[in-house]
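Undergrad: Chains as they are written, first to last, in our numbering: chain A, 392 to 758; chain B, -4 to 357; chain C, 1042 to 1206.
Wrong hints could be hidden among the right ones.
BS3-like, lysine-lysine: derived pairs with alpha carbons at most 27 angstroms apart [to be verified]: (1) 441(A) with 1102(C); (2) 395(A) with 346(B); (3) 1102(C) with 476(A); (4) 301(B) with 583(A); (5) 738(A) with 346(B); (6) 569(A) with 1053(C); (7) 139(B) with 79(B); (8) 1191(C) with 566(A); (9) 1126(C) with 1169(C); (10) 395(A) with 76(B); (11) 665(A) with 566(A); (12) 79(B) with 593(A); (13) 583(A) with 346(B); (14) 1126(C) with 593(A); (15) 665(A) with 1203(C); (16) 1126(C) with 583(A); (17) 569(A) with 1203(C); (18) 1191(C) with 1091(C); (19) 1053(C) with 301(B); (20) 1053(C) with 346(B); (21) 738(A) with 139(B); (22) 1102(C) with 566(A); (23) 1093(C) with 1121(C); (24) 669(A) with 1203(C); (25) 346(B) with 593(A); (26) 665(A) with 395(A); (27) 738(A) with 301(B); (28) 583(A) with 1102(C).
Source of the hints: derived by calculation from the structure; they are not laboratory data.
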Amino acid sequence: MVIKTEPFVVNIGPVHPSTHGVFRMRTTLDGEVVVDMEPVFGYLHRGIEKLAEERTYTGCIPLTDRLDYLASMTNNFAYVLAVEKLARIPVPERAEYIRVIMAELQRIASHLIAVGAFLNDCGAFMTPIVYMIREREKILDLFEMACGQRLTYNYMRVGGVSQDVPEEFVPALSKFLKVMPGWIDEYDQLLKENEILLARAKGVGILPKELAINIAASGPVLRASGVKWDIRRADPYSIYDRFEFDIPTGSVGDCYDRYRVRVEEMRQSVRILKQALKDLPEGEVRSDVPHRLHPPVGEAYAHIEAPRGELGFYLVSDGSIAPYRFHVRAPTLINLTALRDMMVGWKVADLIIIFGSIDICMAEVDR
Amino acid sequence: MAMQMLPPDWPGGFWAHWAVFVVIIFVFVLGVMMVALWFERRAMAIMQARLGPNRTGPFGLLQPVADAIKLLLKEDIVPAKGDKLVHWLAPVVVVAPVLMLFAVVPFQGGAILADLNIGILYIVAISSVATVGIFMAGWASNNKYSLLGAMRLVASVVSYEIPVVLSIIGVVLLAGSLSMQQIVLAQDIPFILLQPLGFLLFFIGALAEINRAPFDLMEADSEIVAGFHTEYSGIKWSLFFLGEYGEALAVSAIVTTLFLGGWRGPVLPPWLWFLAKVGLVFFVMVWIRTTVPRVRIDQLMALAWKFLFPLALLNLLITAVEILVWPAVSPWVMVAVNIAIMFFLVLLWSKLFKLGWGRVEV
Amino acid sequence: MKFERYGIGIAKGLSVTLRHLLRRPVTTQYPEQRLVTSRRIRGNELIWDKNKCTGCATCAKTCPQGVIHIVTSASAEENKYLVEKFEVDTGYCIFCGLCVEACPFDALFMGYAYERARYRRGELVQDKEMMTETPDSEVSGYFHPERAAKLPRQTLLIDRAKVKG
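Next up, chain A with everything else stripped away, as it sits in the complex (with noise of 0.2 angstroms):
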């Protein structure tokens, strides 16, 4: 006897407590399999590529961190970059190591809140999360004395950092590096070998090589198919070319590969950290640059490697104090559009999971 059935589609978000932030899937499913996945996102817009030219250069920087706010550090850095190339302002020397450490100690912070809450999706009934959480209030505790606020920084300016780091900062830092391996030791002891974890994550959600690169994926997601493409390698910004770090890749690019280079990532970061602290110079912290900023008529495009992927911001200026035009390339934007490819087959359970793994922030996605 023949059951007839019939595929019913099925609204997951916008309001959810899996989906990180306000996304919407409208998935048809066939009994538990996913048959088809359309993202709807859109929810979060504020429009601040519009906000931007609005504002003068220096006004635009506390924009730059709403975008991806658990990653601000990272956004002031990729704009001011391309402001500086804009207009063609030096940086002073102290500032470059200061904007590696911020980056890098960003980079961690990220990726603690990105492992936490993909560990969460499994199943682990909050645990990973709060533990990666309380280390990541030891690296906002140093954002907080640098600059005064624990999310959204404004710290970076065009032509160097805005203030030099207060004397507790190096013992602090150089404490939180000694004592953060033995941490990321201790995660990797709770879940990188559990059985449950391992049915869950493994083979689940493969992204292909080709695939990847076809669509500009970039970030871990990228290196998890198995590129080895990081732009502190591939196209070096600031001082990256001074440090030695390694970039770990995936070899099958499924979630559970995600969710290891991602705690490579960490590994690596203190690494260029510890070579950060002990080569820091003396001296000033910023280039004379003034409020209203005139840069010469132009265009220019920097990139970097955010901890979501490759976050560029395009800036074209007509000789005012305001940018003509402000685009942001939202790594995570460009990311998404795999999203359907990789969940197509795959049961409900597993559609959380691989969406946590992406590791989504809609406030970047919708600007």
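Given the coordinates of chain A, work out where chains B and C should sit on it, guided by the hints.
TA: Quick look at chains B and C alone, frame taken from chain A:
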């Protein structure tokens, strides 16, 4: 099957004995369940490096009372198109068997409501009735997803009954009787040492039956199927909640009786030993819940049929062979042999166990 | 033969969770216990030094949101305007600190307090009198190192960790 006679020195006769024990069971279940709720929240919180509830009452001890009062005061919503009688009956059908389970659990030597000589069979039978209640709840909600969730749950509970029952038979073979009191009295060495594989199978199977810890798909809030108790609110939902924690306590009590030696222990009074052992088993359940992620539904079924069921059959075979072949050998030799066999079988089976069900081509 | 999935991963995870039973929880029970914030915190209000301000309105021109409203008139002193209205709408402010950074006369400070919730939006607008420095509204050391030195040290979570060697 005649009921066992109660001890001749009980004053007041049969009905006084019954009344006292019914009161004790209600107080025990509800009281210890409140403490278990509090304990779970505090223990899980400290294992997550945070504090649990500590504001309501000293150390947060009145938190379950506050939760209960809040739930009692909520509006009782009944779905308009659902089957009203079934909707109303379902929580009752889920909770009543849980309370009935405690009737045959020995709190102390001689302190038991009804010392049936089919004790463990009664437990297996009654605990299956709760499944019917869950299916009634899913059906009466008039909600496609509740029905799917309830069907999933029924399928998983039925699949896990088999390893559980087979491992119980191993214990019964060793004790020589189905009566719970006799099983406790037969444990000169706790059966966890003599039946390590049986203990493991029973524990995993029981965790799956009560929908806790790694098998709590139905309460997962990261799945779209929100479970059979979506359409319940207020006191009916609190009855489901009570049923879940009551089942957890009942399973702890059964594990204590069957495998850990019940109320036997050297120095302290027996009921204190019983409570301590139940607390220990419950702590292990909370500990597992804090650490381990959730399995998927098809992995759940694969685990039951391909991993636990063959191992349960092998366990039964080996126990039967041991009892036949070595009746006069010292039990400690059997302990060593059984532990070695358990390690060997678990390692061998995990090598051969394939999960299957990868991606489906559409 | 390599064995996988025989339960040792779960056992390792369980040992980590068990170890946490012996550690002190990291919760700070607000409002009885409070953490000391950073010296440079960009707190929830703006504080104004009336004597140093000359009414140049650089802060108002710098603000990306445009929340500072200044009305001045000519004054008898030289190099200074008479500031008639200096109003900050704290409800629209994003606390970026660019105004403090831009003031050429060091007359503007960020607040140190962070508990300034109000019931109505209208109460969030600060006028001239509400922006003076009082013992209730302290100033923070953001871009003012001489004031930062007087503030207490920040509580760091990393201070609780024990470092070996």
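Undergrad: Decide if the proposed pair is consistent with the structure: residue 1191(C) and residue 566(A), CA atoms, cutoff 27 angstroms inclusive.
TA: Roughly 25 angstroms separates the two Cα atoms, so the pair holds.
Undergrad: Given the hinted pair residue 669(A) and residue 1203(C), is their alpha-carbon gap at most 27 angstroms?
TA: It holds: about 22 angstroms lies between the C-alpha atoms, which stays within 27 angstroms.
Undergrad: Hinted pair, alpha-carbon criterion (27 angstroms max): residue 569(A), residue 1053(C). Please report holds or violated.
TA: Cα-Cα ~23 angstroms, so holds.
Undergrad: Is the hinted pair residue 738(A) and residue 301(B) satisfied, with a Cα-Cα distance of at most 27 angstroms?
TA: Distance ~21 angstroms between residue 738(A) and residue 301(B) Cα, so the pair holds.
Undergrad: Between the alpha carbons of residue 1191(C) and residue 1091(C), is the straight-line distance 27 angstroms or under?
TA: The given pair, whose Cα atoms are some 21 angstroms apart, holds under the 27 angstroms limit.
Undergrad: If you draw a straight line from the CA of residue 738(A) to the CA of residue 139(B), is it 27 angstroms or shorter?
TA: holds (17 angstroms)
Undergrad: Decide if the proposed pair is consistent with the structure: residue 1126(C) and residue 1169(C), CA atoms, cutoff 27 angstroms inclusive.
TA: holds (7 angstroms)
Undergrad: Is the Cα-Cα distance between residue 441(A) and residue 1102(C) 27 angstroms or less?
TA: holds (19 angstroms)
Undergrad: Check the hint pairing residue 395(A) with residue 76(B) against an upper bound of 27 angstroms on the C-alpha distance.
TA: Judged against 27 angstroms, a Cα distance of about 25 angstroms means the pair holds.
Undergrad: Does the structure keep residue 665(A) and residue 1203(C) at a Cα separation of 27 angstroms or less?
TA: holds (19 angstroms)
Undergrad: Given the hinted pair residue 1053(C) and residue 346(B), is their alpha-carbon gap at most 27 angstroms?
TA: Holds - the C-alpha atoms of residue 346(B) and residue 1053(C) are around 19 angstroms apart, at most 27 angstroms.
Undergrad: Would the pair residue 346(B) and residue 593(A) pass a check requiring their Cα atoms to be no farther apart than 27 angstroms?
TA: Within the cut-off at roughly 17 angstroms; holds.
Checked against the numbered hints listed earlier, the structure breaks hints 2, 12, 14, 16, 22, 26 and 28; every other hint is satisfied.
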